[in-house]
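Next come the chains, spelled out residue by residue.
Protein chains: 6
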Amino acid sequence: MIEEKSIQEFKNGDEIQGFFIVRKVEMKLSANNKNFLDFTLSDKTGEVNGKLWDCQEGQNKEFPIGSLIKVRGNVTEWKGKLQLKINRIRLANDDDKQNIEDYVQAAPIKAEEMFHEIYEYVQKIKNKDIKGIVEKVILESKEKLMYYPAAKSLHHAIRSGLMYHILRMLRTGEKLIEVYKNVNKDLLFAGILLHDIEKLEELDSDELGIAEYSKEGQLLGHISMGMNKISRVGQELGADEEIIMLLKHMVLSHHYEPEFGSPKKPMIPEGELLHYIDMIDARMYDMEDHLKNIQPGEFTDPIWSLDNRRLYKTLLCDE
Amino acid sequence: MIEEKSIQEFKNGDEIQGFFIVRKVEMKLSANNKNFLDFTLSDKTGEVNGKLWDCQEGQNKEFPIGSLIKVRGNVTEWKGKLQLKINRIRLANDDDKQNIEDYVQAAPIKAEEMFHEIYEYVQKIKNKDIKGIVEKVILESKEKLMYYPAAKSLHHAIRSGLMYHILRMLRTGEKLIEVYKNVNKDLLFAGILLHDIEKLEELDSDELGIAEYSKEGQLLGHISMGMNKISRVGQELGADEEIIMLLKHMVLSHHYEPEFGSPKKPMIPEGELLHYIDMIDARMYDMEDHLKNIQPGEFTDPIWSLDNRRLYKTLLCDE
Amino acid sequence: MIEEKSIQEFKNGDEIQGFFIVRKVEMKLSANNKNFLDFTLSDKTGEVNGKLWDCQEGQNKEFPIGSLIKVRGNVTEWKGKLQLKINRIRLANDDDKQNIEDYVQAAPIKAEEMFHEIYEYVQKIKNKDIKGIVEKVILESKEKLMYYPAAKSLHHAIRSGLMYHILRMLRTGEKLIEVYKNVNKDLLFAGILLHDIEKLEELDSDELGIAEYSKEGQLLGHISMGMNKISRVGQELGADEEIIMLLKHMVLSHHYEPEFGSPKKPMIPEGELLHYIDMIDARMYDMEDHLKNIQPGEFTDPIWSLDNRRLYKTLLCDE
Amino acid sequence: MIEEKSIQEFKNGDEIQGFFIVRKVEMKLSANNKNFLDFTLSDKTGEVNGKLWDCQEGQNKEFPIGSLIKVRGNVTEWKGKLQLKINRIRLANDDDKQNIEDYVQAAPIKAEEMFHEIYEYVQKIKNKDIKGIVEKVILESKEKLMYYPAAKSLHHAIRSGLMYHILRMLRTGEKLIEVYKNVNKDLLFAGILLHDIEKLEELDSDELGIAEYSKEGQLLGHISMGMNKISRVGQELGADEEIIMLLKHMVLSHHYEPEFGSPKKPMIPEGELLHYIDMIDARMYDMEDHLKNIQPGEFTDPIWSLDNRRLYKTLLCDE
Amino acid sequence: MIEEKSIQEFKNGDEIQGFFIVRKVEMKLSANNKNFLDFTLSDKTGEVNGKLWDCQEGQNKEFPIGSLIKVRGNVTEWKGKLQLKINRIRLANDDDKQNIEDYVQAAPIKAEEMFHEIYEYVQKIKNKDIKGIVEKVILESKEKLMYYPAAKSLHHAIRSGLMYHILRMLRTGEKLIEVYKNVNKDLLFAGILLHDIEKLEELDSDELGIAEYSKEGQLLGHISMGMNKISRVGQELGADEEIIMLLKHMVLSHHYEPEFGSPKKPMIPEGELLHYIDMIDARMYDMEDHLKNIQPGEFTDPIWSLDNRRLYKTLLCDE
Amino acid sequence: MIEEKSIQEFKNGDEIQGFFIVRKVEMKLSANNKNFLDFTLSDKTGEVNGKLWDCQEGQNKEFPIGSLIKVRGNVTEWKGKLQLKINRIRLANDDDKQNIEDYVQAAPIKAEEMFHEIYEYVQKIKNKDIKGIVEKVILESKEKLMYYPAAKSLHHAIRSGLMYHILRMLRTGEKLIEVYKNVNKDLLFAGILLHDIEKLEELDSDELGIAEYSKEGQLLGHISMGMNKISRVGQELGADEEIIMLLKHMVLSHHYEPEFGSPKKPMIPEGELLHYIDMIDARMYDMEDHLKNIQPGEFTDPIWSLDNRRLYKTLLCDE
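Chains as they are written, first to last, in the UniProt record's numbering: chain A, 1 to 319; chain B, 1 to 319; chain C, 1 to 319; chain D, 1 to 319; chain E, 1 to 319; chain F, 1 to 319.
Take these hints with a grain of salt, some might be off.
What the hints assert, rightly or not - Derived SDA-like pairs: lysine to any residue, alpha-carbon spacing no greater than 20 Å straight-line: (1) E:K152 with F:K264; (2) D:K51 with D:W78; (3) A:K34 with E:K152; (4) B:K215 with F:N308; (5) A:K265 with D:E259.
Stated by the list, open to error - Example chain B residues on the side facing chain F (calculated, C-beta under 8 Å, incomplete): (6) K28; (7) S141; (8) L219.
Since the hints were derived computationally from the structure, they do not count as laboratory data.
In this text, all values refer to a predicted model and were calculated from it rather than measured experimentally.
Backbone N, C-alpha and C fix where the C-beta goes; we use that ideal spot for every residue, glycine too.
Put together the whole structure using the sequences plus the hints.
Right, dumping it as C-alpha cells:
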C-alpha cells in the first residue's frame, strides 16, 4: 500500500509517495555497468538518499538542485540508514499546487516578524555609538539575515536559523539582566546582535538556507571577519575607540576556548554572559531537535554535536 | 596620623586602627629567638596577616579564633603583600558597642528573607513526588542553610553564600523557562534546589561561614553524597523510581566535565540548563567580586578561579 | 568440500556447516528489491554476519534470537570482514543432540565452583561490619552473578564473566598482601567483591551473558549505583559509618581517572591496590583473548580496547 | 676588595661597584619598622634586586626610573638568588662620562643598519599590491620599530629586538626559498615583515625597550590587531581582495596552535614556512642567550620559555 | 572513446587504457557467489582500486604483486572514491617496450646523484670522530638508501624518498648555519644524516619503495634502533664518548614530543634546529604533493597528515 | 628542657640535641651583613634546614658534606616549615660511639641479604640466553646495586632503594604468575631485573644513597641506556636476536606512557605485567612512607608524587 509520508516517518519496507526538494543529484555507474542517479532529497522533516536505477545519460539535468519533485518508491535499509529506491519521479508542476517553502526546514517564526522584534531590541540600546554601529550593521545585513542559517550542519542549520538564534538570545539576555543588574545592557545586546554576524560571509547560503563555507570563511573565519566589520563601521561613524575595542573583544572571545576559535577568553562580564547565552540557545535547540523524534522513556542515538551523548526523553514529558 | 580603615583600604605606610575578627593565631619564634604572634585578621572587606612582636608565652590564648579585637598598627609590605605590624591589641568589649556580624562577609540579602523566597519556589513545583523530596530535603537542611558558604575559597565563600547562590539560580531558572518553554519546570527547580545541597556535609562551616572540608567530603564529595540523600529521602517517601533517578542524574551531571567531578554529562535538557545556570551565577559573582576593587579603565590581577584571566572594568561602568 | 568449522576457523572461500546461536536477525530489502535476512550468528569462538538471500516475508520469525540453528553456507569477504552466505538453514532439534550451552562463550570455570570459592573469600573477612555488608550483597546478587558478563563488549564479555573477573582478582589480592603486609585484607577483599557489583543493574543481560545497558545504567552508571547499594545495606545492618564510607570510597575511586568515571583517586592504599588488580586482570584477559588467535612471531590487528596497540606473540610461546 | 663587575659576573660574597639603570624603586618598611629602598637594577648583562637600608622618607624620588646610578655594595644570597646590599649610591653625572645606552641590553646590530636592510627586503617584493601594503606599514611603523623589543619577557625582549627578529627571519626566508623553490617569495617576505607588526601596539615600550601590555593588547592581541591593520591599509591602497585575504591569513595562522593564539592553522605553504622560521629564530635566540652564561660540559637551570628544559653546552663549543 | 590516462587524471565515467603496477591482488567471492579479482593498481601519479568480475579460480596467480600489467576499463565511483572496472587485462611484455621504473613514484633526482651529493656533505664534516661514524653508517647503508622510501604512507613514501629527504635537509641546514653562526656544523650535518637512518630497518621495503613495518620496527622503533647503531659503530671506531652521546641525543630528541616518540626534547641548539629542518622538509613535501592536484583558487580535501587541514592554492600561483 | 629527638619528632618551640648528617653547607651573608652557615641536615627520619648565625669566615670547611655532627639548637618555624637555629655544633668523634649508617635512611633489609635473594631469582630463569644476559648484567652491577637509591627524590630514594624495589617486584611477580599461568616467567623475571638497571648510570650516587642526575642521564635517560646495555651484553654472549629484542622492548615500554618516557606501550603480556608490578611497588612504598607520619583518622598534606592527592589513614589501622 502506497502511503504519503514525510521523510521522518519512513520505515524500512514502506512503499511511499510524496514531494521532496532535490539537494544533490549525480549520475553514477553501478557495479553492473549501468547508469543510475544518486539523489539527496529533503523535506521539512529531514533528508534521505535516493537511487534511480537504470536511467539515461543526461537524465540528471532534468532534476536541477533546488527543484521540487514528486516521487514514488520503496524504503530500504543500507548500512543502518534508510534509503529510497525510486520507482517513479517527475518535476512538480502547477497542477500539484505545492509551495516549495512548505518543504524547507525553517525557523518557527516568520522572518519579517523576527526582524521586526530584533530591530526593536536595537532601539533599546541607549549608548549612541553602540546603537549606531549595531543599527548600521543590522540594516546592511538585512537581506541575507532573512534566510541565512546559523551553520552549515550544526544547530540552527535551517532557513532563517541565524535570525532565530539571535532573537532567542536577545530574549534570554533581557531576562538575565533582571537578575544580574550590574551587567551593561547596551554591551550585552550589541554582543548578541553582532557575535555571529559574519556567518553571513563565512557561509554562502542559497535562499533555502543551505550553506557551504566561502573561501574567506575558510581562511579567516567569522570571528576575525566580524571584528574587521566592527572596525570599519566604527571608523565610518567616528565611534569612540573604547566602544569599538569592547565590541571587538566580545566577538573575539565569544567561543571562549582557543580550540573553538577564541584566542582570548572574555575579560568583561558582558562577554562572559554572551558566551553562556550562546551555549544555552545552541544546546536547547539541538536537544529539542533530537528529542522530538523519540518516545518518552527512550534514548536517542549518540549525537555528534553533543560529544556523542545519547539524550533521554523523560517519562515526565507527557504530563 | 592614625586612620580608621577597612582592610581593603590599607596602603603601604598607613598607620591604622580598627576592629577585626581573629581567623588564625599562632605563637612563633623569630630569627632572633623571641616569641611573636602570627595572626590572620579579617573584616567585611578582606583578610590581612598581622604580627605582634615580642610577646609573652601563652599570650595567644588571649585572642581566641572567632573573637573580635581592636588593633592599632602600621601597614607594611612583604613579598608584594600588605601586612599589619601590630602596636596595640585588645579584645573588643561591650563599651565598644560593636556587632561581630558587621565584620563578617555575608550575602547581601538576609538569611530569613532568602529562605522564605526559596521556600516559595519549592511550592511552585507541581509534581507531588518531586515537591515531596525537595521540601523534605530543604526543611531538614534549614538550620545549616542559614549560614553555610557555597565553597571553602571560591565563589560565594561567604556567610549564607550557598543560599544566595541557590536563590539567584532559581530566579534565573524562572526567567529562562519563559524562553525555553519545553523545559520541565519541576525538574529544573528541583535540580537547582538540590544540586549543591550536600555541600552542607562536604564542608564543616562555623556560623561565620568559614569552612573546611569534612572527612566524608574529601573521600566522597558532595555529588555522590547528594545522590545518596536523594535515594534515601525518595525511598522514605515512596517516590516514583523514574523521578528519583532523574534527580540523581541532575546532581551527578551538573559539573558537566569528568575532571570537575561529573562522570556523566547531562542527558536531559533540564540537566544541561542546570549546568549553565550554575556557571552563570558562579561567574557573575566572581567577576563582580573582583571588579569592585578596581577603577574603570583598569585590569585586575590574574584571577585563579577564572583560569588566570585578568578582568577589565570598562569605561562604560560610570554611565 | 563442506567442512564442520567453528567461526574462528572460517577462511574466505570455505564451504562450511555447523550449529550457531542467533544473536540478531532482521528482514531487509536488497538493492534489487528482494527480501533477505540479515543475521548475527555466534558460537563459542566468535561472531559472524550471515545473509539469507531471497527469503519470504515473515521468515525472520522462524529464527528467534537466542535459538540454536543449523546452517550450511559459503564464507566470503566483505570490506575486510568474513561473512556467511547461507545456503541452508533450520532450527536445531532434539535429534541433533546439541546443548546450546556448548555454543556460548563462557568463563573457563563452572559458575557454581566460582561462587563457592568467592564465598570462601567472604568468610576470610574478619571485621564483622565489612563481612556483613559484603555477605549480604553477594547473597542478594547470587542469581545474576551466576551468568552475568563483566561488560557489554570489552573484557570478560562472556557468560559468568563478572564472577570470573572477581575470582581472579581475589586470588591476586590474596597473593599481593603476602608482599605488601600493611594492606588491610578485609578492605581489599571487600573492595574486590563490591567494585563492579552494580554491573548487575547497569547492564541487562540474558542468561547467555549477552548484555545491553539499562536505563539507570546509562543515566547513573555502576559506580554511583554501587555506592548507593553499600549505603542502603550498610544502614540496614547498622554498620559503622567509617566502614560504609571507606567501602564507598573504594568503589568511587576504582576507575582511577575522572574520564573513566572516578571523580576521586584512591586516598587509601587498599583503593590503590584495588585499581591495579582490576587493571591487571582486565588486561591479562584481553591479551590472552587476542593472542590465542595468532601464531608465534605474528602481530594481532590493532586492538581498540588496548589503545589500538598490536600485540606480538613471542617465539618463546612454544617452549 | 672592591671590584668593578657587571651583574652577570656577581658572586655571593663580592664587594662591587658599578653603574646601573634603575628599573623599579619603592620605599618600604622593614620588619624592625625602618624605611628602606627596594630597587630593581640592570645593566647590559642582566638584572638584580638591590636594597638600601635605613633611608629617609622621600629618598626614592632621588633615583627616578630610567636613570643611571653609581652604586657600591655587597652581593648576598637570598632564597637562592643574588641580591645587592647597597652601601653607597648616587646619580651618575657628566664627570662620570658614561653613556646610558651602554647599559641597556640591545640587538647586536645598530637600529639604522637593521632598518636599512629590512627596507631592502621590502624592495625585493615584486607584486605591486603586496609591496604597497608592506611598504606603507613598515614606513608608518619606523619610529617605534627602531627601539621596540619583540616581547615583554620572552625571546628578543631587548631594545630593537623586534627588528632584529624580523631581520634574521628575512635572511632565513631568503635562504630557504633557494631550497623550496615553489614557495612564493613575495608572500613569504610580506608574512615575515607583517607577522608581529602590531606588537608595536600590543605593547607599550619606552625607548630602552622595556615594555608592558597595552589595554588593547590585552583585550584583542597583536594577531587580530595586525589583521585589522592589513585590512585598513589594503583598503586605502585599493589592493586586490585575494592578496589582503592571504596576508591576513598568514598573520592569523602564524602561531599555529589555537592555544597560542591562532584559531586557524596555515593553509598555504608560505604560512607554514613563516611559522617554522619564526620558531627557529625565537629558539636560536633563547638558546644562545642562556648558553652564553655557562661553561662547556655544564647544564643551564630549567628554562621556563623552553618547557623547563635544561640546556647542555657541548664540549665541542671550544673547538 | 578509450583514452590513455594516468591515474591522477581519471574521472568518473571515463573509459581508459594504460599500464599499471600490481600492488595488491586478491581473489574474492561476490554477493552473487561469483569469483572476482580485487586489485590495488598504481602508476607514477597515484593508486586506484580495480575489480575484475567473473574470473576463474586461480587467476590471481597470473598477476603477481610488483608486475606491470596492461589494462582497459571503466572508471566508476564508489563511496566517493574512483574505482576501475577492468574489461581487459594482461601482463606487459617485451613488445610493449615499457620500463617498469617509469610507473613508480620516485624522488625527482636520480639516486646515484643524490648519494653523491650526500657523500660530499659527509666530507664537509671536520671533526674526525663525527665524520668517522657518519661515513661508516652511510657507506654500510648505501645499498638500501638507494631505493628506500622515508615512510610507509606519509611524506616521502616514494622510491628513494629517504635519501631525497636527507638531501634537502642537508641543503637547508647548510643555508641556516649562514644565519645562525653559533651552530656547530659537524653536529648538525651528522644529525641530519643519521636521524632517520634506521628507517632502513624499521621498514621492509622492496626495490619499488613500497614498505611495511618490520618486527623489530614495531617493537623498538627507528629511534632506539638508530641510537643502538651509533653506539655500536662509535665503539668499533673508538670514538669519543661525548660525541657518541651527543649524536644519540640528537636522534633520540628529533621527534621533539613524547607522543611522537622522543622521550627527551633537544637540549642542544643543533638538536633543536634538526627538528625544525625535519618538519619543514616533511611539510613542504606534503603540501606540494597535495597542491599539485588542484587548481588556483581551490581547496584540497582535508589531509590526514596535516591534522585534517584543507590546503588552499593561491591565485598568485600562476604569476 | 633539652630533648634528644629525631627530625621527624621536631615541634616548633622545642630545644633539642642530637646527631645528624651534613647534606649541604654554605657560607652566606645575612641582611645585617654578618656571615652565617646554612645547613641541610638529615637523619634516618627526615631532613631539616639549620642556621648557625654569626660564624667565622671559612668555618664551613669544618663540617664537610657527609660528615656526622652533634648539634644543640632551637626548633623554629619559617614559612610553614620547621628550621633549626643551631646553638652548639661539633663533629662527632670516637667517644660518641655513633655509627653513621644509623643516621641514613635505608632499605629495611640488609643489602647482602637482598642481593642474595635477587640472585636466587636469576637462577630460576630457565632460558639460557635470558639467564646469561641477566646474570652478566647483575654481576657487573653488583657493587653499585648495594647502595644505589631508585630515584633522586621520588619513591625508594634511600640507600639500597633500587635493590629493595627490584626485590619486592620479583616477589610480586612470582605470586602473579601463579594466577596468570600463561605469562612467561623467564621474560617477566628478566624484565623486572633489568628494567631500571641503568639508573646506576643515569644517577650519580654516593654510598649514602644520595643521588644527582649524570650528564648522560639527562641527555639520554635510563631507558635508552638500558636498551643499549642489553644490546651490548647480548652481542657479547651471542644471544638469540629475538630474545635481545624482547628484553629491549620490555625496558623500552615499562613506563607505559610517552610522556613518562616510553615511546612504545607493551605489546607482550610480560611487558604489561612488568609495568603494573612496577607501579604497585612504587605506590605502595610512597603511600606507606607518607602514612607512617600521621594518626588514624587524619589526612596527609597533598603529595606531589601522587598527583597532589591527600592520603587518609583509616581508623581500621589500629585493629
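These are the hints, each one checked on the structure:
1. Proximity of K152 (chain E) to K264 (chain F) is assessed by CA-CA distance (about 18 Å); at most 20 Å being required, the pair is judged to hold.
2. Between the alpha carbons of K51 (chain D) and W78 (chain D) the distance comes to roughly 12 Å, so the proposed pair stays at or under 20 Å and holds.
3. Proximity of K34 (chain A) to K152 (chain E) is assessed by CA-CA distance (about 37 Å); at most 20 Å being required, the pair is judged violated.
4. Distance hint between K215 (chain B) and N308 (chain F) is fulfilled; the C-alpha atoms sit about 17 Å from each other, no more than 20 Å.
5. Pair hint K265 (chain A) plus E259 (chain D) holds up; C-alpha atoms about 11 Å apart against a cutoff of 20 Å.
6. Annotation: K28 (chain B) was flagged as interfacial toward chain F, and the flag holds, the nearest CB pair being 5 Å apart, inside 8 Å.
7. The beta carbon of S141 (chain B) is not positioned within 8 Å of any beta carbon in chain F (closest approach about 26 Å), and the interface hint is therefore violated.
8. Because the closest C-beta pair between L219 (chain B) and chain F is about 6 Å apart, less than 8 Å, the hint holds.
Hints 3, 7 from the list above are not met by this structure, while the remaining hints are.
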